[in-house]
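Going down the list, the protein sequences come from chains A and B. In the working numbering, each residue's number is its place in the first sequence (first place is 1) plus 47. In the working numbering, each residue's number is its place in the second sequence (first place is 1) plus 19.
Among these hints, one or two may not hold up.
[Unchecked claim] Computed list of lysine-lysine pairs in BS3-like fashion (alpha-carbon distance at most 27 Å, straight line):
hint : chain 1 : residue 1 : chain 2 : residue 2
1    : B       : Lys63     : A       : Lys80
2    : B       : Lys63     : A       : Lys139
3    : B       : Lys143    : A       : Lys255
4    : A       : Lys306    : A       : Lys80
5    : A       : Lys116    : B       : Lys147
6    : B       : Lys147    : A       : Lys263
If you're looking for bench data, these hints aren't it; they were derived computationally from the structure.
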Amino acid sequence: MARVVGGLTTSHIPAIGNAVPREEQLLNDPYWKEFFAAYPPARAWLRQAKPDVAIVIYNDHGLNFFLDKMPTFAIGAAAKYENADEGWGIPKIPSFEGDPELSWHIINSLVEEEFDVTSCQEMLVDHGFTVPMSLFWPGNTYQGVKTIPVCINTVQHPLPSPMRCFKLGQAIGRAIESYPKDLKVVVLGTGGLSHQLDGERAGFINKKFDELCLDKIVHEPEILTRMSIHELVREAGAQGAEFILWLAMRGVLQHRVKKIHSSYHIAISNTATGLLVLENAA
Amino acid sequence: MTVATTTEETPKLLPADFLHHDLPIPGTYIFDGEAAMKGYNLNKMCFSFNSAENREEFKKDEEAYCRKFGLTDAQTKAIRERNVLDMIHNGGCIYYLAKFAGIFGLTVQDVGAQQRGISVEEFKKMLKSQDR
Numbered sequence: 048m049a050r051v052v053g054g055l056t057t058s059h060i061p062a063i064g065n066a067v068p069r070e071e072q073l074l075n076d077p078y079w080k081e082f083f084a085a086y087p088p089a090r091a092w093l094r095q096a097k098p099d100v101a102i103v104i105y106n107d108h109g110l111n112f113f114l115d116k117m118p119t120f121a122i123g124a125a126a127k128y129e130n131a132d133e134g135w136g137i138p139k140i141p142s143f144e145g146d147p148e149l150s151w152h153i154i155n156s157l158v159e160e161e162f163d164v165t166s167c168q169e170m171l172v173d174h175g176f177t178v179p180m181s182l183f184w185p186g187n188t189y190q191g192v193k194t195i196p197v198c199i200n201t202v203q204h205p206l207p208s209p210m211r212c213f214k215l216g217q218a219i220g221r222a223i224e225s226y227p228k229d230l231k232v233v234v235l236g237t238g239g240l241s242h243q244l245d246g247e248r249a250g251f252i253n254k255k256f257d258e259l260c261l262d263k264i265v266h267e268p269e270i271l272t273r274m275s276i277h278e279l280v281r282e283a284g285a286q287g288a289e290f291i292l293w294l295a296m297r298g299v300l301q302h303r304v305k306k307i308h309s310s311y312h313i314a315i316s317n318t319a320t321g322l323l324v325l326e327n328a329a
Numbered sequence: 020m021t022v023a024t025t026t027e028e029t030p031k032l033l034p035a036d037f038l039h040h041d042l043p044i045p046g047t048y049i050f051d052g053e054a055a056m057k058g059y060n061l062n063k064m065c066f067s068f069n070s071a072e073n074r075e076e077f078k079k080d081e082e083a084y085c086r087k088f089g090l091t092d093a094q095t096k097a098i099r100e101r102n103v104l105d106m107i108h109n110g111g112c113i114y115y116l117a118k119f120a121g122i123f124g125l126t127v128q129d130v131g132a133q134q135r136g137i138s139v140e141e142f143k144k145m146l147k148s149q150d151r
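So that you can see chain B by itself, here it is in the shape it has in the complex (with noise of 0.2 Å):
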């Protein structure tokens, strides 16, 4: 590994780090085959949300749509529960998470202060602090 001199000024990311991708992603969740394996029924379920009339087949009976959709306990519990982390480690990819979400009206920012266990405020704050 080349260490550069860096200064404040520089860049963290020289060209030459670009070959070094074995360093793991703290907090960070690669949606693989593996995952998607783990995730398939799940993630169907919130695929169906695209639609209106499932999503409102959903609300009525939460527990029996997640039946319908053959969950696991754990990933129903998740959904219980609204636990986006849950979720994840259970196979949930968040592009699919992102419709059930919707039927509650969450953002992106409730979603992703849920994550790191902040408010939604400190979440903005967080978000607005990295302009630098």
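Bound conformation, chain A alone (with noise of 0.2 Å):
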């Protein structure tokens, strides 16, 4: 049977895809030493689970959708995903596999448990995928894992409440116990921690929620699954509402997960940047 083996989490930042690539050597420049010092720790938390599948839960930023069409869950269901030009210059980055067959698993088993996600035979993925692949799998080394791109609006509002993303990852997580092949699964959050792009308070960062955040999602998730998008918007910035796709990857997780990793770092771009790596209980 397939098995999720644990969470990671990390920031996506435009900034980051950009500087990934000369990562060696700004390991001793001073704004980005103690950002990519962290992540040593859950590469090799990596290395040692050796993940068939990573399913990414990320949110798009306007590449593959626009205001047109916007799903508030999208799975993608593709033989393999790229990146493209976004506007400002990320590089295209080495294609991902996907796995077809366990995509329709997944969305089989959601739209049996009322999760109606709308399934992508062709998708594009923008920074919030290939930033977290790039800087867990250094050298963009991902090749042998398959993808599987799960995609919550979070663009346009009403933004799914943080409840439901989490109950969403709690279904995922379900659909891919009950996969009869043998494998190990790995899930990712990415986007936050506290962040604002847009406004008069543009430049927003909020520490003590974002340590609250990365504290109570270890063992007490259900708690922040209480907030409503007003709220976390409200405390986490408009772009730090991005933490709902971190609560979705805690739902996919078991109840008890053991810490393996985390971090905090103020600030990469307009950015509170987190790092969070749990294992699910064997």
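Assembling the complex is the task here: the two chains are given apart, and the hints tell you how they should meet.
This is how it looks when you write it as structure tokens:
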């Protein structure tokens, strides 16, 4: 049977996408040093976990989806995924292998559980998906790991509530655990932590709130699911609402997890960056 | 509303506060259905900037490109003046506006500083000052 071995979350700031090919030099750069120094333990855990599949829960920032059709939850069901020009110069990186069979198993299972997701046989993946993959598999060495993009709308309100996203994660977890193939699966939740790009409050960061989230998500995620989106926007910033992607990741995992690693840094670009590695109880 | 006794060390947001979701958020614009309708053409134009060819076409004749997408006068003015807050007031969504900013090599710090009405250096300092 397929098994979820653990979950990882990381910020997915575009600037990281441009910096990541130069990581070795940047380890001596005062701006980047602390940020990149946080990643080796996460990569070490992944090398030991040897996942066959990565479920990547992220948000599209206007590459694949526009306001003409804006699904709340969309899942890739393609054999291959690629990134593309997003308008401000993110590099094209090697394509990602999909797992259509597992995708359809998850889609079937989710709809049966009344999560009426949008299935996508063609889907461009943007920095929300690619930056974490490049960070966790340095040098874009993710070949051999199949991916399934799960895209949650954070562009146009109403956004799905923290509770709904957590429950979606739980349903994805049940789908994976009922898949007959012997696969090891990791789940990525990307984005966050607190940041705001628009309005007179641009640049808003809330360290205390981020620390609360980083702490509670490990053993008491249910507390965080009681927030409304409005509350989350107020405390984490307009784009900090991406924390719903972290909660979806957490939902995929079991109740009992072991924290392997975490890190928090202010700031890269306009964002308080967060990194978290959780291992499912065996 | 339950008022919790707080100290400097206590996180401002206690779980009980999560349920108060009607307080306004200053300096923050929720991009909802109303904004999405108002800004549809502006955002559609910015979405088109995913393509290098379209970015070139825009640079050659900005006003003609705005007309092609049916922008309102206020939206065209905001584009002409590179005024991000005005774009937002006219329905612009930052995820698409970022592609407009990208044409001019503007970073999110540049865009943030402009909206706050401070210099980019001051903006960067402000970011760092929240590390406490």
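Here's how the hints hold up against the structure:
Between the alpha carbons of B:Lys63 and A:Lys80 the distance comes to roughly 38 Å, so the proposed pair goes past 27 Å and is violated. Only pairs whose Cα atoms come within 27 Å are accepted, and B:Lys63 paired with A:Lys139 is accepted, the gap being roughly 23 Å. In summary, the hint linking B:Lys143 to A:Lys255 is supported, as the alpha carbons are separated by about 20 Å, within the 27 Å threshold. Of the supplied pair hints, the one linking A:Lys306 and A:Lys80 holds, its CA atoms being roughly 23 Å apart against a limit of 27 Å.
A C-alpha spacing of about 38 Å is found between A:Lys116 and B:Lys147, which places the hinted pair above 27 Å, so the restraint is violated. Only pairs whose Cα atoms come within 27 Å are accepted, and B:Lys147 paired with A:Lys263 is accepted, the gap being roughly 24 Å.
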